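Chemist: Residue strings, one per chain:
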Amino acid sequence: MGHAYTPGLKVSPAADFVRHRLLPIRGEVLVRQGDTVEPDTVVARALLPGNVATLNLARQLGMAAADLGDVMLVKEGAEIEVGQPLAQSKGIFGMMKKTVESPTTGTLESISKVSGQALFREAPIPVDVKAYVGGTVSTIEDGYGVHVDSRGTMVQGIFGIGPECNGKLAMVGRGIDQPLLPSDILPEHRGAVIVGGSLAPMDALKAAIEVGVAAVVTGGIDAKDLTELLGFDLGVAITGNEDVGLTLMVTEGFGSLAMSKKTYELLAEREGLLASVSGATQIRAGVLRPEVLVPHPVTAVEHTEVDEGYMHIGSVVRIIRDPHFGELGKVVELPPEPAVLDTEAKVRILTVTLKGGERVTLPRANVELVDEQL
Amino acid sequence: MTETIRSILATDCGSTTTKAILIELTDTGYRLKVRGEAPTTVEKPFDDVTVGVLNAVTEVAEIAGRKIVGDDGRIIIPQQGDEGVDLYLSTSSAGGGLQMLCAGVVRSMTAESAERAALGAGAIVMDVICSNDKRQPHEQITRIRHLRPDMILLSGGVEGGTKSHVAELSELIAAADPKPRLGSSYELPVVYAGNSDARGAVEEALKEKTALEVVDNLRPTLDEENLDPARDKIHDLFMEHVMAQAPGYDKLKSWTSAPVMPTPGAVGAIIQTVASQRDISVIGVDIGGATTDVFSVFDNTFNRTVSANLGMSYSISNVMASAGIDNVMRWVPFDIDEVELRNRIKNKMVRPTTIPSVLRDLQVEQALAREALRLSLVQHKDFATELKGQRKTRDISEAFNQSGSGSTIVNMMTLDLIVGSGGVLSHAPRRVQAALMLIDSFEPMGVTQLAVDSIFMMPQLGVLASIHEQAATEVFERDCLIMLGTVIAPVGKAKRGKPLATVHLDLPDGKREVTISAGDLDLIPAATDTTVHCRIEPAKGVDVGAGPGMPLETDLAGGEAGLLIDGRGRPIQMPLPPDERVAAIKQWIKNLDLYPQRKA
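Sequence order for the protein chains is W and H.
Add 1293 to a position in the first sequence, counting from 1, and you land on the number used in the numbering used here.
Add 1 to a position in the second sequence, counting from 1, and you land on the number used in the numbering used here.
It is worth saying that the hints were derived from the structure and are not from the lab.
This one's a predicted model, so the numbers in the text were calculated from it and none came from an experiment.
Among the hints, erroneous ones may be present.
Distance windows between CB atoms, simulated [stated by the list, open to error]:
no. : chain 1 : residue 1 : chain 2 : residue 2 : range
1   : H       : D198      : W       : A1371     : 55 to 61 angstroms
2   : H       : I326      : W       : R1483     : 36 to 42 angstroms
3   : H       : R7        : W       : H1596     : 50 to 56 angstroms
4   : H       : G71       : W       : Q1666     : 35 to 41 angstroms
5   : H       : E581      : W       : E1558     : 51 to 57 angstroms
6   : W       : V1625     : H       : D510      : 49 to 55 angstroms
Below, computed lysine-lysine pairings styled on DSS-like, alpha-carbon distance capped at 25 angstroms [unchecked claim]:
no. : chain 1 : residue 1 : chain 2 : residue 2
7   : H       : K34       : W       : K1639
8   : W       : K1639     : H       : K591
9   : W       : K1423     : H       : K180
10  : H       : K591      : W       : K1368
11  : W       : K1368     : H       : K180
12  : H       : K135      : W       : K1406
13  : H       : K210      : W       : K1406
All C-beta atoms in this analysis are idealised placements derived from N, C-alpha and C, irrespective of residue type, glycine included.
For reference, chain H alone in the conformation it holds in the complex:
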C-alpha cells in the first residue's frame, strides 16, 4: 500500500451473525477501535446480506461516534475528515453446508479417495457410487436423480488405467441428469478428478448437461493420492456456489476494496501465519452456526477441514444427533429431562440467533460445543493423514486394506498451540470456559498452550492480511489473539487419586511443587505475558511429552485463564455413576472458578 491507510472497516458475514470491526491508525500503530454485530439478513423481509452488514456497521459507527455509512446507504470510502474509512473488506460464510455425491471405479480405491477428498473439503457425502457397489445401473441412476446434491466429484482410473469404467460412470450421471439441490437456474457442478485418458469420454457425456470442471487425477497411481487439486476445486465451487445463494452478495462484492474472501480461507491464512512466525505446530478451530472448521499445521503441512453440519445454531440439532445425548450430558453438572433438552435444542435450530441468558442454558450450549468440537477434530484427524507436501504415498499393502487409509499427522502430544475462534469460544463469558471447552473436546496431551480469538476477528484479519499485512499483524498481536494459558496433561494409567506427575514451578512469587493426581483438574494462576519455567517429573510409564517416564523441562506461558493441570487421563475418564460424575464436574467448576458460584 503506497498511501497511508488511516482506517479500515472489515466485516465477516457468518451464517448467523455479521460481525464488523473498525481499525484505526494510532500513535502506537494499528489498533482495534470498536466492534459491532447484527443478525445476518438472508431471511425475509430483507433477503439481502448487505442489510446485516449495514446494521453491524451502524452499530460500530454509533459506538465509535463516527459516520461510516453515507446518506446513499453505502459505506463512505475513502475517509473524508472524520467520516468514512479508507478500506472496507469482508469475508463471508453465509449459505450453510455442502452436500456432495462421490463416484469412483473401485470402492476401496478411487471411490474412497474421492470420498476422502470430498470429506476433507467439508462436504456431507450423501452417497458414493462406484462400479462395484453391487447396485444395478438403473438403481444408481435413480439414486443420483433422487439425491439432488450440490456437487458431484467423479474420480476413477489411475493414470493409464481403465477408461471404460469411468466412461460408464459419467454416462450414468448424464442419464440421471441431476439437478442441484438449491434451484434449477444453474447447472450442477461436477468435478472430474480421474484418469486423464478418460477426460474426452467424460466431457462428451457431461459437458452439455453439467458445469464440468476437470482437475488432476486424485489417485494417479495405486499407491499415490493427490487430493489437493480436487479439494481446492471443491472449495472454490463451494464458495462460489453457496455464496451465490446468499442474497445481496453481488452488492457486497461491489462495495469492498478487495475480493470477498471465504471465511475459512481467511482464518486458515491467519493460522498458518501463527505457525510460521513461531515455528510451532498449531490447531485452529472456528466453530460457527452451521459449520465447524478445523485447521492444523504439523511439520509445516497445512490441513483444513470443514465439518459442514456441526455448528452451534443451524446445525445444533445435528450435533445432538451425531454425538448422542449421553455424550452431551456428560459435561453438564445437573440432570435435565431428555424431552425438555431435545426441545430446547430444536428451538435453537429454528431460531438460530438466540443466545443463552441463564446459566444452565449456557452450560448446555457449552456441552454441545464440546461435542461439536470433538467430532470436528475426529473428522480432521481422518483427513489430515500422512500427506507430505500435499501428497501422500500409500503402501500397496495399505491399498488393499480397508483400514489402511494412512495414519493421521495430527499428534496431540507434539501439538504446541490450540487457537479457538467462533462465538461460543470467543464470547464465552469467562476465558477459562473457552480454555476448558478446548481441553475437553480436543484432549491435548503433554504441554499445550491455549489461545482464543478475543472477539472473533480472525476472519477479518485474514482478509486484511491479503492487502495490508502490517495492519493485520499489529492488530492480531495486540488485540486479537488472547493467550488463555497452558494445559499440562500427563498421559498414562493410574488409579483415581494416585499421582501421575510432579510439577516443579518457578512462579513469579516463588517456587511451588504441584502433584497431578488421576482425576484432578485444577488451575494455577499465571497472568498473560508471564513465563513460568518448570520441570515435570512423570510417574513410571506416564508421558508428559518427553516419552514415558521421562522428565520434561520447559517454559509454560501464562494467560487469562492460567496454568491448567489436567489429570483426567486421555481419553478423559469421567466417573460413571451419575452422582459421582456431577460431583466431579462441580468440583472442577469450583477449582477453575468456571461459572458464577451463586448460579452453578
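Here chain W stands alone, though its shape is the one from the complex:
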C-alpha cells in the first residue's frame, strides 16, 4: 500500500482562511460585502432578550390564576417601572384591597392563566460579533453575520483554552526546547500574543496573566498546571469559553515538548504583526483546533500533504506517542500487512527514519503529518 490516511495539524506560511462570524440569534449586520475589517470590527449585533424576573400574581393576591384578568392594572406587553402597581384585588366590599407592584423595570412579558406567574423582561442585552481576524467581508448571511476571508500564516495547535483574542506577535523564551520563565514575560508584552518555549509552567502563566498578555502560544503544558489554571480537572477536550485571564494554545501536547521549529520560525517571521488567536478546542464530532492566524500579503497559497490527509513514502511525520513522542521522521515503509508490536498487539505499522538516522517501526495510528522538511 502506497499511502494511508493520517490526520495532521496545519502549519502554513500561506494559507487561505475563511471565518464565519455569526450571531446566536437574528440581529443586524453592520458591514457590507467587500468591506475591509480589522479583528475588533463589530460586524453584527443583536439584542439578546433581557434577564427575566418572575412574580406569582395569583399567590400574591390570593386568587385563582384564571381570574387575574379582572384585576390587572397593566396589560401584557406593557412597559413597566420598578414599584409600579401591576394588579389590585377587589377586596371585601371595596375594602382591604391588595396591590402588587412590579419587582423590576422592563416589560410585562406574560401572565400565565394556569400558574398565575407573571414574567418580566428586563432591558435587552446587546451582543456584538467581531470580525476576529483582519480581512475582507466576502459573504453576508442576512440578519446573522458575515464570512471574513483572509490570507496569511496559519498555525493550528493541538489544544487550547480561552476565547478569541488578538495582539501583536512577540517571540519570547530561551529557545523552542526550554520552558518559559516568569522573567521571559515583560511589561511590554501587555496585550501581546507571546510565542515560545517547550512548556508554560504555572508561574509563567501567572506572570503572563499579571502582565495582561492576550495569548500564550507554547509547546506544551503540564496537565496539573492546566487543572490549577482552570480550577478543575478537564475530562473532555471541549473548550473555548474559559475565563482564566488569557488565551492559551499549545502546539505539541501535554508535558514539556519542544515547539515545532517550523511553527516557531513561521511566527517569528511575522513578529510584530497582528495575530488572531482562538483557544477553542473540540475533539469530538465537528472538530475544532485552536489556531493562530496572521494575515499578510500572500502571492500563492500553499497546498500540502496535511491538506490532503494522506501519507506517502517520503512524507514527514511527527510521532505523537511514546516512545519518541514529539520527534520528526521521514516515512520509509508503509507495509500493508499488520505487524506485532512489543505489546504483542497486531496492528498496521510504518517505518520512519528519525532525524538522527535511527529507523523505528511504529503503529500508523501514532504519527501525524506535518508540513516540515527534514
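With chain W held as given, fit chain H onto it using these hints.
Modeler: Just chain H, lined up with the frame of chain W:
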C-alpha cells in the same frame, strides 16, 4: 430474504475508529472473511464520516483481494461477479456524549425520576431544576440559559396531580429560551414526561420555542415509575441529534441496505439474543472511545445504560478525573510519576486515535479501562433497579426516603455470563488480559463465564440480525463470540493465605483438587469447547453461589484464557503497602502469564 445473499459488508462508525467486516457465504455457511479499520473522519480536512468508511472498506478490499468500492467512490451493490457485495449495513456512534438538563416539581420525586431516566439513557445530567430547589426563578432561568444542554427532560406532577407547578417550570424554560450546545441551526429538543393534564400548558409555553416531544408520564403515581417511554425518546433524540452532527451521515444513510442503527442498540440486540437463546443472565459491556455502554439481562429484564463520558480516548481524561489517580494506579505493577501519568492521559485525550506501542503504556491503558468499566457498572446498577416488565413499583415509604430508590436487579452472584466488547477488550493482545480486566472491574461472584467479542463486531452483527438473522447467528457463533473461560470467585472473609474453598475438578487429563486461598489469583488451563465438571466446597460462611458454606456442583466452560481462580475477595482486597501491592500484582501477572515476561 428471498434471494441468496452471497456477501455482506458491515461497518461500525465509532467515535475513534471505523470498523468494517466482510462476510461471505461459504460451503459451511456464513463466515467472517476479513476485517479492516481506519480512523473515523469527522475531523478536517475531510469532515465526512464516509471517508473513514471508505478507508476501512478499502483495507478490507485489499486484504480480501476483492474490489468493493467502485470507480465512482461508492460501494458496489449488488455483487457483480467477484466485485461488490450484496448487502451493506452500518452502525454509528460518532458524535460523543449527551448533556442534559432535567426538571421536575419535587426534587425527591418527579425530578429524581427524571434524573434517573436521563442517567439511564446515558446522559450527563448538568443540573436538575425543580420547584423546591431553593433557587429563585430568575436564578433558574439564568442557569438554564447558561448551560446550553443538548436536551431537556421535563417531568412533574403525578397523573391528576399538580398542573400549575409544571406550567411554571415550562414557563421558566420558555423564558430562558435555551439554545442547543452544538449549534443554533436547530431547535433544542425538550421531552415532556409529566402529568398528562398539564400537556396543554406545556405545549403552549414550549411548542413555538423548542422541539417539544411529549411522552407518557414517567411518574404516573407516587409509588410507580415508568421511565421507559422517556428513556426511549431520549435515546431516539440522542441518536438523531448526535448522529446528525456527524458530517457525512446523510450520505452514509443513502448507501446502506437498511437503516443505520445506533451502535448501542445493535449491541443490545445481540446481548438479548445470547440471554434468550441460552436462558441465562448476562452482562454485556461495550467500552468505546467516548462512552461505555453496559447491557444486562436478569430475570428476562433488559437494561441498558450509556456512561456518556467514560471511554478510552476522547473521555480518557474524564476516567482519570472520575476514578482518581489512586484507583487507577492500584492496578499498575510499577511506580510512575504522577505528572508524567497525567500528561500521558491528556495527550491521549487530544490525540485519541493513538495506541500503546510499549508494554507499560498498555498496562496503564488497561488500568484506566478497569476503572472506566467499574464506574460504568456502578451507574448501571443504579439504573437497573427493580423494574419488572420495564415498570417498577415503589413502596410509599421509599418515596419519602432519599435512599429508597429501589435495589438493583444486577446480582453478581447469579450472573452467568459477562461479554466484553470494545477495542481495549477485543484487541487485548492476550485474551487473558481481557478476562482479568472484566474480573477486576466487574468483580463477578461465585461462578461466572467470560467471553469477548473477538474482533469487535457485535455492533455489525446486531444490525445484520435485523435483516438476515441466519447470517448474523452463524457468524456470531463461529467467529464473533470468543469464550475466555470461567472465573470462580468465593465470597466471604478469610485472612490472607487462609482457604476460602476447595475445588474438585474433572479435567480432561484427570481429577485435580485446587484450594482457593484468600489473596490467590491463578489460572487452570481449560481449552475452548472443554467442559469441566466440578464440585466446589466453600469454607464456613463463604458463598460460591449455593449460599454461605453450601457446596456447589456445576460445569465450568473452558476458553482461550482457561479457568480463573480468584480468591482476592469482594470487593477485591489489594495489599495496602505499595511494595506489597506491586509484588502481588507481579505474582498474579506471572500466574496468569498475563504479559510478555521479558517486559513485565
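Chemist: Taking each numbered hint in turn, which are not upheld by the structure, reported in ascending numerical order?
Modeler: 1, 3, 10, 11
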